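Engineer: Going down the list, the sequences are from chains E and V. Last residue of the first sequence: 2170 in my numbering, with the numbers rising by one and none dropped. Last residue of the second sequence: 483 in my numbering, with the numbers rising by one and none dropped.
Note that these hints are calculated values from the structure, not bench results. Keep in mind that a hint or two might mislead.
[As the list claims (entries may be wrong)] Selected chain V positions facing chain E (Cβ under 10 Å, derived; list incomplete):
| id | residue |
| --- | --- |
| 1 | Gly388 |
| 2 | Gly398 |
| 3 | Trp409 |
| 4 | Ile412 |
| 5 | Gly420 |
| 6 | Ala449 |
| 7 | Ala457 |
| 8 | Thr463 |
For clarity, every value in this text was computed on a predicted model and none was experimentally measured. Quick reminder that beta carbons are idealized off the backbone N, C-alpha and C, glycines included.
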Amino acid sequence: MPPKPLALILSAVALAGTIYAGVRPVGPIPPLGALLDPVNGVWAAAGNAVLPRSATVRIPQLGGPVEVRYDSRGVPHIFATTEEDAYRALGYVVARDRLFQLDIQTRAASGRLTELVGPRALELDESPRQLGMPRAAERKLAATDPSSASRRILDAYAEGINAYIDSLAPSEYPIEYKLLNARPERWHAINSIHLLNRMGWTLASGDPDHMFARAAALVGDKAAESVFPQHTPIEEPLQPEPGWTGPRNRFEQIAVPGAPDSSAVELSSLYQRFQGDDPSAESHTTFASNNWAVAPSRTKGGYALLAGDPHLELTLPSIWYEVHLVVPGKLDVYGVTIPGAPAVIIGFNRDISWTFTNTGADVMDFYRETVDDSANPKQYKLDGQWLPLITRIEQYRDQASKVIHTDTMRYTHRGPMTHEHGQWISMRWTVLEPSNELQALYDASHAHNTHEFQDAIARNFLSPTQNMLVADRSGSIAIRSTGHFPIRPGDGNGQTIRDGSMSASDWRGFWPVEKYPQSFDPKQGFLASANQEPEAPESEYGYLGTDHDYEVWRALRINQLLRANAQVTPEDMIRYQTDPSSERADVFVPYFIAAARIESDRGRGDATLSSAAALLAQWDRTYSLDNQRAVLFETAMKLLADRTWDELTKNGARVATPSTAVLAELMTQPTNAWWDDRRTPDTVEDRDDILAQSLSTAYKIVLKTYGAPDAGGWRWSRIRFTNIYHLLHIPAFSALNIPVPGGVGTLTPSSGSGHFGPSWRMVVEMGPEVHGWGTFPGGQSGNPLSPRYKDHLAFWEQGKLQPLMFPRTRAELPGAATSATLKLEPAR
Amino acid sequence: MMTLRFVARILLVAVVCAVATRWFGWMSLPVVGFIYGATDRRTRVHGTIVAFGSALGWLAILCAEAARGADMRAVAEQVGAVLQVPGFVFALITFVFAALLGGTAAVLGARTTIAMFNFHDVQTPHPRLGST
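Put together the whole structure using the sequences plus the hints.
Structural biologist: So this is what it looks like as structure tokens:
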């Protein structure tokens, strides 16, 4: 047969095309060769889905043998002979289960996502760098004493992670790397600092000033101050106040909308840059946490009880990873760690249990700087002297390490400086300042009683400010809002941009620890925090923040539950965590029903309004899954906010939303001008007009959207869902549309987006033997193909907690309770 | 008899492809295919043999992993969902990719050899067509 040139050419072209698809990405599809390779590609992920029943590995830096026993829930119990080895092993096992999470969280925190996913992540990377976070992490690490315990465990943890990474064959890379055509990066100690800074950003960047500024730009300072007050109108502080037996209303006359304040316009746009949030979104009211503790005098068992329930963005894998570290005679601590942080963040040891909620204090301020050259400044003026600006070039690289973008960052002694509306504005933020939260958590894990714990935390846990709750085995309970609360000059208020040319504008220091909101062993026999204002205004040492970051409804409910029960059991504590009742509904529902009657008396009622009021009156004011009335109330509340705060609308969108506590305050002023709907210039509406209109319209909307009231469409389980996305937002690796009980302001709040919620539920009984229960929405493994990827989710959905195994020795965790064993040995 | 030889060749190629992939990765398939096409002078269906052999070799690897407890179905379904195709389509894509890599390289190997050395084509008949 003669040669066939056409066949030759065609086969060459076909082969070239196939190889091209094998080595080059085509659109969003990664190179097929590495992806489909049955040995090293995505198929190999199935082979790594389950930990081997038994394994032995050698780690170069290990001082002695370490045994890790995974219990039936996949929790590693690490038995080591030194603390460094325990944290080395922790690094290893966290990497083994959550390597991709470790990597992507750190890259996100340090502004290096482009190196993993390319230029599409540039905008995400710019935020942390423009906030000065990578520089802050470098400075924090440099300031760490190399001989300190925190630095030793930081390094040991990094060695453990790297030992795992170094042991990996490409076939063992987590599946996400294969989909991204990437490989894991070796771990550096600074990554842990990046991660903790990121938590600071999440929890302490909610500067309340921006809402006030936006409101002032539309209705003037006086009205803005009224609807964004410094102190919340309904008080149920976490620090029990002498003589208080319940919440107090601090209602004042709300100033009516006035003329816009033009200077606030500039301020509000500045804040937008640093905050970037959605002012009409619910996230801040659902991005919350609860904790409470009950003294032995009010528990059935006679032992202190503690409940922890931090609410955060829910992801798969979860932000939390359960672990138990045992070093005989030195350390015995169980709890959750964040992958990347060498510490048990929330948990218990043999003597104490602890948890925390976010304080939400105002710890971020801005300064208008005077510079030598507005286009390219090199100096800034302070007290008449020109001082050099520190400059830093931020380089953004792609997957091939090619520089794709650069930013020049400038720093004053206060912090990073940016150019906004022709002005140079610098920022001071406690998150960027020297601190050593790892040392605080290390010391806390060794504490033996509430005082030791609070002292350890107060020494080094400076940011983000947290409401640290602790209970011990002697029956003591204590809470303290801990961290750096700035002392500002003048009136001390943080809701302004100060003159940066004077050192007199600078912070004068921080609150002394004895002035922190706190309580040790209160007479009432319980303590509770739910992100409410920590103490009553008359007790506050200075400006802490504003009402807007302190929603009070959950605090009201948990205090009500705890006051009503003097025989609390662990089962009660677990049940309270998913309590579906709403104090918010208790306040507002009667107003809606009364408004319908009043409108009817005025001759303005109709059948729709009457029906809506009758349906609302049937509601038991809970958000249980089978409830069929909550949807009407929530729709009415949304419309009520739209109609009431119409003065805070710009270009068709609301730019600031006062708290519902302020709305409750406004309810007591039925003819206040805020009730008037500006869209109806010929009519002056009062409270009951607006309430009735909102309820009536809500009924029509709900009927149209969900059908007849009792046909099943109104069931809360069909309305509100939790959506737990994979870190890369891959739907196939996510858990979506999970019906959950709870609504806005309930103890288990749910948001419209469903991305936020209870991230770790824990209850601990501090008896002679410590007993713990817990769960989180996910599982221990980060491998989407693993049976442990989301095996806790079913418990979490049902509000059930699982008993936590807390063995003192390996012998107390017998083979039957052990799902896998890992032996770590020093390299020969 | 011809069919048996044909099947035997496929099996042999499958074994070689599986081993080569395990040791050298997916890029070994075109190499195996090219060498096979260039050296086996007793067939004119190099492409078909290597295409089937490559796909079969990869299938054998996946079956071996499944036999060790790996849930390959879950991989197919999950990754298929990521790529927005059904799980079996993702599996099919995998095998077609292997077949294309090996098969096209085999044809190229055969044709290149013929073109360069002016070999006469093949003595072995196509199994389905019988003897020539």
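Engineer: Each hint needs a verdict: does it hold in this structure or not?
Structural biologist: These are the hints, each one checked on the structure:
Restraint check, Gly388 of chain V versus chain E: the minimum CB separation of about 9 Å is within 10 Å; hint holds. With 10 Å as the threshold, the beta carbon of Gly398 of chain V comes within range of chain E, its nearest partner Cβ sitting at about 7 Å, so the hint holds. Given hint, Trp409 of chain V at the interface with chain E, holds; its Cβ is 5 Å from that chain's nearest Cβ, closer than 10 Å. Interface restraint check: Ile412 of chain V against chain E, minimum CB-CB distance 4 Å, threshold 10 Å, status holds.
Because the smallest distance between the Cβ of Gly420 of chain V and any Cβ of chain E comes to about 7 Å, under 10 Å, the interface hint for this residue holds. Nearest Cβ of chain E to the Cβ of Ala449 of chain V: about 8 Å, under the 10 Å cut. The hint holds. Proximity of Ala457 of chain V to chain E holds as hinted, the smallest CB-CB distance being about 8 Å (cut-off 10 Å). Restraint check, Thr463 of chain V versus chain E: the minimum CB separation of about 7 Å is within 10 Å; hint holds.
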